[in-house]
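> If you're matching them up, the sequences are chains H and A in order. For what it's worth, this note's numbering labels the leading residue of the first sequence as 1, then goes sequentially. For what it's worth, this note's numbering labels the leading residue of the second sequence as 1, then goes sequentially.
Since the hints were derived computationally from the structure, they do not count as laboratory data. Keep in mind that the hints are not guaranteed to be accurate.
Anything over 10 Å on all C-beta distances counts as not near chain H; from chain A, calculated [to be verified]:
1. D90
2. K96
3. A133
4. V158
5. K164
6. K214
7. C225
8. P242
9. N257
10. T258
Derived coverage of chain A by chain H (criterion: at least 3 residues anywhere in the stretch with Cβ under 8 Å from a Cβ of chain H; other residues may be distant) [said to hold, decoys possible]:
11. 72-86
12. 100-112
13. 143-154
14. 226-236
15. 262-270
16. 311-321
The C-beta atom is built at its ideal place from N, Cα and C for all residues, glycine as well.
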Amino acid sequence: MKRKQTLSVQRAHGTLPLALRILLGLTLPVVSLAPMGAMAAEDPTVEELTTPRSTVEVGVGSVSDSSAAFGQYNGLNKKGTKGNGGFDLRGGGRYDSGDATRWSATGTNLGLDTREMRVEYGVQGQFRITAGYNEIVNNKSDSYQTPYLGIGTNVLTLPTLGNTGGWNGTPNPAVPQQSSNANTTAANNMQRMSDAAKATFREVDLGVQRKVYDLSAVNLVDAQWTVNAGVRREEKTGLKALGAPIVGSKSVILPQPINTETNQFNLSLNRKLDKGFVEFGYNGSLFRDKYSSLTFDNAFYTGGAAILTSAGASTSTSAPAVGAMALEPNNQFHQFSVNGAQVVSPTLRWSGGLSYSRNSQNQAYLPYNTYGSIDATKGNGALPASSFNGLVETTSLNFRAINKPREDLQFTYNLKYDDRENRSPSLLYNYLDVDKFGATNTSHYNTPYSRRTLVMNFDGDYKLGNGRSVKAGVDYHDVERWCNNMTAPAFTGSAPAMDCNEASATRNTTFRLEHRQRVDEDLQHRVSVQFSERRSTGSVNTTGATIAGTKYYANVGTYYSPYQYAQPNPGGFGSYNMANRNRSKLRGALDWQLSDAASLTATLDYNADEYPTSTFGVRGANSIAPSLDLAVTASEDVSFNGFVTLEKNLSQMAGVQTASTLTNRWAVDLYDYAVTSGVGAKARNLGPGGKLDVDSNVVVVRSQSPMELFGTYTASGKTPTEYGALPTPYVQTLQFRFNGRYNIDKSQALRATYMYARLRSSDYAYAGMQFYANSAAGSSPTANNSYNYPGLTGVMPTNETAPNYNLHAVGVYYSYSF
Amino acid sequence: MKRILQALGALLLAASVWHASPVAAAEPAKNTLPTLAAPSDHAAKALKRDAVCTKCHDETEAAPVLSIYQTRHGVRADERTPQCQSCHGDSDKHVKGSTGEKLRPPTDVTFKKGAYPVSNAHTQNGQCTSCHADGKRHLWEGSQHQTRDVTCSNCHKVHVARDKVMNKLTQAEICFTCHKEQRAQVHRISSHPIMAGKVACSDCHNPHGSSGPKLVSKGSVNETCYTCHAEKRGPFLWEHSPVQEDCATCHNPHGSNTAPMLKARAPFLCQQCHDADHGSTLRGGQQLAGTNFAARVAGDANAAITSAAAQGNARMCMNCHSQVHGSNHPAGSKFNR
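Given these sequences and hints, build the entire structure.
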C-alpha cells in the first residue's frame, strides 16, 4: 500500500486547452491564468484527488411527443430532437501553492430553453466575482384557444366574421358586414356562438419565460470588513390566461401579455467584531411592467349606444364595445437593515436585526371605464386622483437570545416585531362595475391595510442523558390590523361600528413539547405535540353583530372594499385565516439503521383544526401524512432505495345561500388524497473493466380530490340530504428514469439517459371551457368535447383540456474530462 | 438605473483590480489579510500540519479525504482555511495511537458515523460556527435546525469537490432526507420547478436560521415570495387582505393537486372567506352536483344538459375576479379589472 506522498508547494495547476484559456482570457480580463503544465511529479492518485476536474459534455436528446405539462419547467415541451450540452470548468492555483486564485465556469442545458451559465473568479480570502445567466420556463398550456388578434400586445381585437353570425348568436356590430345577420337567438350566450366565430379560434401556447442575469462580488477589505454587492435583473415575457369580465356576469379569457423586468440590488457591509459581527445592508427592487393595461373587444357586444341616465342605466345592456383591465403596476422596494450578533459570555449570546423598508407605486390610473366618465349629474364623474401614490413603510425588529447555563440546557428567546404602515391615501371611487351599463354606480373607499405583528417565542431544551432530550416551548403571535387615512362616512341604517378588517386583532398562543432520543448509534426517534389557540377580535367570529342575520362590517350605503361589497357574509361566518381556531399537531420520526446494509426512516405528520365559533365557513380540517423510506446497500457498488408517502387531507366547510334568514344551508367535505411512491437502484463499476455505472428510479403519484356535498345543513351537523359528489378530479403520474454512464477511459465517457413519463388527469373544470357541442339529451360526445358538456353561457370557451401525456425522452452524451 | 449599474460595475472592477496586485508585506498586520504576507510560506506550514493526518489518511481512504484540497477549505494559500486539526481537534491520543489496541483512540471531534462514535451536535457545529457565524448564519443558534440537533455535516460534505447541497440540481434530495411530506408535494401536478433544478429549497428558505416563519429566507413569507414575484408586491389601490398578509393563506408553495399550488379548489377556496352575494348562491356546488352536470361529466350522455354556474366552473371565481392579488384599476375593487 502506498503510504507517503510529498505535499510540496507549487505555483499553479491546470491543463486547460489553449482555446479555453483564450476564451477565459477574453471573458475574464482580470484573470491571471497561471502557467500550465508546471506540475511537479506527484502520485497520480493524489493528483486526481486534489486537482479539480473540468468536464465538457455534448450530446443530443429527443422527446417523442409534445406536451406543455411534461415540459412545463424542463424545456422539453416540444416533440423533436435537440442538441444539448454543458460544461463544468475549474481551475486556479494549486491547493498547495501560494496562489489562492480559483475560478470556475459552468453551463447546463445549453441547447434548451432552460440553459444556465455561471462564471466565478476570485482570490480566496480577498475577493470573488460571480456572474450568471439563467433561463426559466413555465409552459402553462398548449391547448388554450382564443379568437383574439394582437397576441403579445396589450390591445386584443376580435377578427372579422363576415356575415355568417356574431360571437354569441346575435349580430356583432363590432365586426363589419354583420348587419345582415338574421341570427336572433338569445344574446350574450356563448353557447350560441356561430360556426364562423368558432372557426376563428386557434391554439396559442401559454407560458412564461424568465431570463435572469446576475452579477455579484464579495470583497474582503481587510480581516474585519467585508463588502458584498450584487445586481440581479430578471426579464419575464410570455402569455398567461386572464379572466376579463365585461357587462353583466360575462367574461372572456384573454391571453395576457407578460413583459416585465425586475432589477434587484443589494449591498452589505459586514464588520467582524471581537465576539460578534455587525452588518449594514441595502436591498432594492424595481419592478417595471411594459404594459399597464390590457384593452380587449367585447365579444358580448350586440350594439347600442352608451347613453347614461342619472341611475347609470344605458340603452344597451351589452355595451361597451371594448373593456380594459389594469395590469400589475410598476413598483419599487427599498430596504435598509442592520444585523448583528454577539457572544456576551460562554453561556449567553444574542443576535438581532432592524430594518426599514419603503414600498411604493404611483402608476397612472386608467379611466373608470372605456367610454367616458360617469354621469355628471352624480357629481362624481372624475377620478379622485390621477394615480394611487401608494406607499407602504415597514419597520421590523428581531431579537434572539440564547442562554446555555449548563451544557445540557439551552433557553432560546425570540422576539419579532413587524409594523406595516400602509400610508397610501384612502379615497372614494365611484364607478360602474366592469364597464357595465345598466347598473347603479358603486361607491367604494379603498382600504390601506396596515398591521402590527408581535411574535414572541420561548424555548427550553434539556438533555436528560442517555441520548434523550426534551424541548418545550410557547409561542405568542399577535396581529393588530387597521387602515390608515380612512375617512369614515356617516352610517346608514343600524349597522354596528365599522371596521375595515374582519378581525382587528388576532392572538395565537402555541404550546409545544418534543422528545428526542438517540437510543444508540443505530436508532433515534422524535415525537412532538403542539397545541395552539387562535382568538380574534372583531366581527369575524361574531354572530351577534348582525342585521337580520347578516354581518355588516361597514357602512351599508358606501362600502369599504374589497371584502364587504354588496352583501356582507352571514352571521356566524368565520373567514378561515382569521376565525377562532384550535389547532393540534403531532409529529413523529424514526431513524433506524437495521443493519450495516439497511436503514429505515419513518415519519408521521398529523394536524387537526377546529373552528369553534364558525357556524359557516371552514368548520374543521385535518390531515395525516405517514411516510416510510428504506435504503439497502447491497455492496460497495450496488444500492437500492424505496419510499412511500401517504397524504390524506379533509376540510369541512359550510355556507348559507339566504343570509337574511340563514336558510338554504349547505356543507361540503373536501378531500385530498395522494400516494407518492418510488424505488431506485444504483450500481457502479459494472461490466468488463468495471466501466459502467447505472442508476434508475421510478416515481409514481396517484392523487384525487373527492368532494361530498350536503344540503339543508344544520349547525349541529350534516343532514342526510346529500346532493352527491362532484366528479372527482384526479392526477396520476409515472416517471421512469434510467441513466447509464460508460467510462471509456479516465477522460472520456458516454452517457445515455432514458425517461418514460405518463400523466393521466381529469378535472371537471375543463368541461366549462369547451365549445357548446350538443343540446339534446342522449347526444353523443364530440371529439372536441371530452366531457360532452356545452360549456358555459357567460364565459368565452378556451377549449383547454386536462393535461395528459404518454411519452419517451432519450439522450446520448459524450463527455470529456481534463 | 444605468447610473446605479455603472456605479456597481465600477465597484466590482475596482475590487478586482485592487486585489489583482499583490501587496508585499513582511508580516500580516492586524486588519490586513494574512494571505497577502507570504502565502507560499503559509501554505507550506499548513500542509506540514495537515501531514500529521494525511500521512495515514491518504489517497487509499475509502471515503476520499484528500479531495478536500479541491474545495475552498483546501486552498492553503488562504490563511483562514482550516487544517485537519481545526475541525477534528488536535486528537493527540489518536495521532499517537495506543499499543495493543486494534483501533486507535477516537479523534477529538468525529462528524460521521464509522469506526468511532460521532460527537454530539453541539460539538460538531461548534467547529463550523467558529468560522461561519455571521452573514446568513447569524441566526443559526436558536433556529429550528440547531435546536433539533441537526449538524452541519448532516447536509454538507466538506471533503468532496462538489457538495450536493450546494448544487441546485441535487440540493432538494438532501433536504428531503428529513422533509418527506415536501418531497411528496413537489411531485404534484402543480409545484415550483424544484425537481427540474430551477428552484432550490434555499431560494426560499435559509436552513441556517431566519427571523421569519418556517426558516424563510426573508423576514416574512410575502417578502420572500416577492423576490421572484415582484409584480404581486404592489401596493395596490385595491388590496386583498389575506394576500398582502400571507401568500401561504391560499398557496402551498411546495405543491398541490390544484393549480396554481392552491390549498383548495375554487370556488371552495374563495368560499372559505366569502359567503355573500353570488358566492353564496353556489350553495357549495349543489348547483353542479344536484343537476345533470355531474352526470354529463361522468359520461352519462342521456342526462339532460344543464348549465353550471360560471363561478363554479372553468376558472371558477377567477373567470371574472382574476386580479385576486390586487388591482390598480379605479373600478377594480372586486378584483375584476
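> Quick one: work out the minimum CB distance from V158/A to chain H and report holds if it exceeds 10 Å, violated otherwise.
Holds, because the least Cβ-Cβ distance between V158/A and chain H comes to about 14 Å, which exceeds 10 Å.
> Please confirm whether D90/A is truly not at the interface, meaning its C-beta sits more than 10 Å away from all C-beta atoms of chain H.
19 Å, holds
> Is the coverage entry for the stretch 311-321 of chain A by chain H consistent with the three-residue Cβ rule at 8 Å?
holds (count 8)
> Would you say T258/A is clear of chain H, with no C-beta pair closer than or equal to 10 Å?
Non-interface label fails for T258/A: nearest chain H Cβ at 7 Å, not farther than 10 Å.
> Using Cβ atoms and 10 Å as the threshold, tell me whether K96/A really stays out of contact range of chain H.
Holds, since 18 Å exceeds 10 Å.
> Just checking, K214/A versus chain H, shortest CB gap more than 10 Å?
The assertion about K214/A holds, with a minimum of 13 Å to chain H.
> Quick check: the stretch 143-154 of chain A, covered by chain H? Criterion 3+ residues, Cβ under 8 Å.
Since 3 is at least three, the answer is holds.
> Residue count check for the stretch 72-86 of chain A against chain H: does it reach three with CB-CB under 8 Å?
holds (count 9)
> Quick one: work out the minimum CB distance from K164/A to chain H and report holds if it exceeds 10 Å, violated otherwise.
14 Å, holds
> Would you say P242/A is clear of chain H, with no C-beta pair closer than or equal to 10 Å?
Nearest chain H Cβ is 5 Å from P242/A, so the label is violated.
> Cut-off 8 Å, C-beta pairs, minimum 3 residues; does the coverage of the stretch 100-112 of chain A by chain H stand?
Not satisfied, violated; 0 residues make the cut.
> Would you assess whether A133/A, listed as outside the interface, keeps its beta-carbon beyond 10 Å of every beta-carbon in chain H?
Non-interface label fails for A133/A: nearest chain H Cβ at 7 Å, not farther than 10 Å.
Hint check: violations occur at hints 3, 8, 9, 10, 12; the rest are consistent with the structure.
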